[in-house]
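Participant: Our numbering runs 9 ahead of the 1-based position in the sequence shown.
Worth double-checking, as some hints may not be accurate.
Here are the computed lysine-lysine pairs in the DSSO-like style, where the Cα-Cα straight-line distance is at most 27 Å [what the hints assert, rightly or not]:
| id | residue 1 | residue 2 |
| --- | --- | --- |
| 1 | Lys97 | Lys12 |
| 2 | Lys12 | Lys72 |
| 3 | Lys104 | Lys72 |
| 4 | Lys12 | Lys104 |
| 5 | Lys117 | Lys104 |
| 6 | Lys116 | Lys72 |
| 7 | Lys97 | Lys83 |
| 8 | Lys117 | Lys89 |
| 9 | Lys42 | Lys12 |
| 10 | Lys104 | Lys116 |
No lab work stands behind these hints: they were computed from the structure.
Source: prediction; values computed, not measured.
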Amino acid sequence: MEKQLPVMEQTLQLSETMGEGLRHVQQLLHEGKFESALPLLEDVFHAYTNIENALQSLLDRLKDPAPIQDQAEKMRGSLKVVVAALEKNEYERVKEVLQFTLLPQWKKWDGVLNDTFQGYLVS
């Protein structure tokens with residue numbers, strides 16, 4: 010598991026960056042800067058994909074991977090709703106999902122990642 014510690018650290022850092030990106034996207038959408046928000050939202054999607062890929066190498070080694078898997082599935086679902094709304098140019102729907110679903114979901118997911126990985130990173 011020691012070889013996986015850098016992956017855990019990088020995953021936590023990328024998750025935090027993803028949260029910062031989501032908050033910035035929320036601000037841009039609130040200001041009506043929809044076109045400016047799109048590239049940043051794309052970066053958030055890439056960050057999520059990278060985290061999910063990194064988690065695949067870790068899940069088998071964790072004592073209880075279920076909480077991470079459950080939260081990742083919920084995140085994936087929220088991101089799909091955002092993509093569907095973007096494809097229809099429903100920016101108000103994107104704002105709504107971001108505020109009431111995606112950001113709160115990210116906070117839970119980030120918390121589960123931190124709670125799970127800290128046990129390995131501290132010891």
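Participant: Now look at each hint and say whether the structure bears it out.
Facilitator: Against the structure, the hints:
1. Lys97 / Lys12: Judged against 27 Å, a Cα distance of about 44 Å means the pair is violated.
2. Lys12 / Lys72: Measuring from Cα to Cα gives roughly 16 Å; hence the hint holds.
3. Lys104 / Lys72: Violated - the C-alpha atoms of Lys72 and Lys104 are around 37 Å apart, more than 27 Å.
4. Lys12 / Lys104: Cα-Cα ~40 Å, so violated.
5. Lys117 / Lys104: 19 Å, holds
6. Lys116 / Lys72: Holds: Lys116 and Lys72 sit about 22 Å apart, inside 27 Å.
7. Lys97 / Lys83: Cα-Cα ~22 Å, so holds.
8. Lys117 / Lys89: 18 Å, holds
9. Lys42 / Lys12: Distance ~42 Å between Lys42 and Lys12 Cα, so the pair is violated.
10. Lys104 / Lys116: Holds, at roughly 17 Å.
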